[in-house]
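**Student:** The chain contents come next:
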Amino acid sequence: MKKYQATLLENRLLGPEIYSLWVKITDLGEVKPGQFFEFATDTRFLRRAFSLSDRDGDRLRFVVKVVGSGTRWLAGLSAGSKLDLLGPLGEGTRMPSSGPVMLLAGGVGAAPLLYLARKLNEQRVEVDALLAAGTKEELILAEEFGSLCREVILATDDGSCGHKGYLTDILPTLPGTKDIQSFYACGPEAMFVALKRLNFRKPVYAFLESRMGCGTGLCMGCAVRGRDGRYRRVCTDGPVFDLEEIEL
Amino acid sequence: MNLEVFLGKSRFRNPLVLASGTFGYGLTYTDVIDRVGAFVTKGITVQERVGNPPPRIWDTKETVVNSVGLENVGLKRFKEEILPEIDISTPLYVNLAGVTIDDFRILIEGLRDEEKVEGFELNLSCPNVKEGGAALGQSADRVRKVASLARSLTTKSIWVKLTSNFCDVRETAAAAADAGADAVVIVNTLNALIIDLANRKPFLGGGSGGLSGPAIKPHVLYMVHQVSKQVDIPVIASGGAGCGTDVVEYLLAGASLVQIGSINLVDPQASLRILKGLEGWLKREGIVCVSELIGRLEGI
Ligand SMILES: Cc1cc2nc3c(=O)[nH]c(=O)nc-3n(C[C@H](O)[C@H](O)[C@H](O)COP(=O)(O)OP(=O)(O)OC[C@H]3O[C@@H](n4cnc5c(N)ncnc54)[C@H](O)[C@@H]3O)c2cc1C
Ligand SMILES: Cc1cc2nc3c(=O)[nH]c(=O)nc-3n(C[C@H](O)[C@H](O)[C@H](O)COP(=O)(O)O)c2cc1C
Numbered sequence: 001m002k003k004y005q006a007t008l009l010e011n012r013l014l015g016p017e018i019y020s021l022w023v024k025i026t027d028l029g030e031v032k033p034g035q036f037f038e039f040a041t042d043t044r045f046l047r048r049a050f051s052l053s054d055r056d057g058d059r060l061r062f063v064v065k066v067v068g069s070g071t072r073w074l075a076g077l078s079a080g081s082k083l084d085l086l087g088p089l090g091e092g093t094r095m096p097s098s099g100p101v102m103l104l105a106g107g108v109g110a111a112p113l114l115y116l117a118r119k120l121n122e123q124r125v126e127v128d129a130l131l132a133a134g135t136k137e138e139l140i141l142a143e144e145f146g147s148l149c150r151e152v153i154l155a156t157d158d159g160s161c162g163h164k165g166y167l168t169d170i171l172p173t174l175p176g177t178k179d180i181q182s183f184y185a186c187g188p189e190a191m192f193v194a195l196k197r198l199n200f201r202k203p204v205y206a207f208l209e210s211r212m213g214c215g216t217g218l219c220m221g222c223a224v225r226g227r228d229g230r231y232r233r234v235c236t237d238g239p240v241f242d243l244e245e246i247e248l
Numbered sequence: 001m002n003l004e005v006f007l008g009k010s011r012f013r014n015p016l017v018l019a020s021g022t023f024g025y026g027l028t029y030t031d032v033i034d035r036v037g038a039f040v041t042k043g044i045t046v047q048e049r050v051g052n053p054p055p056r057i058w059d060t061k062e063t064v065v066n067s068v069g070l071e072n073v074g075l076k077r078f079k080e081e082i083l084p085e086i087d088i089s090t091p092l093y094v095n096l097a098g099v100t101i102d103d104f105r106i107l108i109e110g111l112r113d114e115e116k117v118e119g120f121e122l123n124l125s126c127p128n129v130k131e132g133g134a135a136l137g138q139s140a141d142r143v144r145k146v147a148s149l150a151r152s153l154t155t156k157s158i159w160v161k162l163t164s165n166f167c168d169v170r171e172t173a174a175a176a177a178d179a180g181a182d183a184v185v186i187v188n189t190l191n192a193l194i195i196d197l198a199n200r201k202p203f204l205g206g207g208s209g210g211l212s213g214p215a216i217k218p219h220v221l222y223m224v225h226q227v228s229k230q231v232d233i234p235v236i237a238s239g240g241a242g243c244g245t246d247v248v249e250y251l252l253a254g255a256s257l258v259q260i261g262s263i264n265l266v267d268p269q270a271s272l273r274i275l276k277g278l279e280g281w282l283k284r285e286g287i288v289c290v291s292e293l294i295g296r297l298e299g300i
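These protein sequence lines are chains X and Y, in that order. Letter by letter, the first sequence follows residues 1 to 248 in my numbering. Letter by letter, the second sequence follows residues 1 to 300 in my numbering.
Calculated directly from the structure, the hints in this document are not laboratory data. Please read these numbers as outputs of a predicted model, since none were measured by experiment. Heads up, the beta-carbon is just placed ideally off N, CA and C, and yes, glycines get one too. Every clue listed holds true.
Using 25 Å as the maximum straight-line C-alpha spacing, the simulated BS3-like pairs for lysine-lysine come out as follows:
#	chain 1	residue 1	chain 2	residue 2
1	X	Lys65	Y	Lys61
2	Y	Lys61	X	Lys3
3	X	Lys2	Y	Lys61
4	Y	Lys61	X	Lys82
5	X	Lys65	X	Lys24
6	Y	Lys116	Y	Lys79
7	Y	Lys276	X	Lys2
8	Y	Lys276	X	Lys82
9	X	Lys3	Y	Lys276
Some chain X residues judged to face chain Y by a derived CB distance under 10 Å, without partners named:
#	residue
10	Glu38
11	Ser69
12	Cys214
13	Gly217
14	Cys219
15	Arg230
Please take these sequences and the hints and turn them into a complete structure.
**Tutor:** Right, dumping it as structure tokens:
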């Protein structure tokens, strides 16, 4: 973990209230999929957490959905702005030893899974992606996943693009998921709850995005309950957890 | 330049103290811990506590509201699993969070023989636990009882961390001083409620929470000043300090040490920046000894 002074290279609208930010950081080491950075904003005391979504050398991509004041501020920044970042934070995810694996993205949950897809691709692990969102406009990064995945399946709640329905309704109907060795999921909490109910025989790794305090393990502000009744810290124990190990 | 501060016989290399609950158990970022005056652990209770359900934290530009609910490993695991792992060169204070007076006896008896422990911070002020803690700190009588008990059980340093919620902190501080405490800490977080309007219920999982951060500094400065006029034991300030001049202000108002809390959540190295700011200010003002500043507020 280090503190970085980064420069915003590009800030572009990806979908309704969803922005793609390319940021330049120099002297950054290896970042694991699932790791995140904490961004200082002008409107909030605590930093805001965003997962690394893609990387090209010293250029890092983040995808930000506006849900409140800090994200609104970030969305309003223009190229050239300076950013105060802390990272990389979190344990990140363990990489699978064998494929194929399937990525399950709900809305802006596609962000960290894209970087995972790139890393899997580099390690020649076969990867499929199921990208779901409310509407066609909210389906993001499909092209990027397309260039890295064996297959990309799209779904929208309203049927405006791809399959119609929730990700967890479509998943069991898909042919060819039998050879999948593990699933990696990121999305709203309701999606994780529904995924848990599907009761896969294969491991499902959940990328959590709980409200966070410090991001560095100091404050116990970001808690997720484990099966043993004790809370885990999302920041330093995660943010990726075996879905079996946590209670939602 | 001399940044040392003495509280009785205890020496602190500088007036900064890492505040309880904002720097974990002292197992990480030890390079930062080793540069400040003292380190206070997260509150330890007799039994392990899982803490409050999420969400546990909320903020604006100048405030943090938390309801962590004293999640901690409990006395036994702290002694067996955490304490042996702590490796710091800075005085270690254990924040003790008793719910009853007897809890404080158990906690102190459990830790008083540990060489690594320099002293105790009695948390009589946590607003995030329904059963007590804060209630103990709200009456001068009970503060006197807990502090006297602590004094009778150990010769280690005893800091009494007080609350300004629903009580006169000048009276509770005087009671702590009477009972033989080495210092009082002014203050813990202020009671706070955040409302989730759409659902017409409290936003935080614990119901209510504790307010901290820059917004509470003017209030705490006032309280530190009032208390330091009232008692003749050292006062330790805790509330919203975020830069070198905040520390100077607290010292002028009467504090001997200044705790650094919420700002650690923004940057674990904040103390190093604050220290630099303090040194810069002293240099510009031509002040050689930081302790010269203590209580030197003029015109009031
Ligand atoms: C590890 C991790 C990775 C993440 N990665 C990403 C990512 O890649 N992309 C992304 O877009 N997001 C990501 N997030 C989520 C992101 O951090 C949050 O969306 C962001 O912190 C919100 O900040 P804000 O200031 O805009 O919102 P805030 O103003 O803090 O509000 C946040 C939410 O809380 C609600 N809220 C606040 N106060 C109240 C109240 N009184 N009553 C009811 N509701 C309330 C708001 O309505 C809103 O839904 C990630 C989170 C984590 C922990
Ligand atoms: C997340 C969080 C957890 C805290 N936990 C404790 C605790 O366990 N025991 C305690 O005495 N104070 C606790 N506090 C209070 C701080 O130690 C400090 O007194 C208070 O936050 C005011 O200072 P600040 O404005 O600099 O943060 C906590 C504060 C925060 C923000």
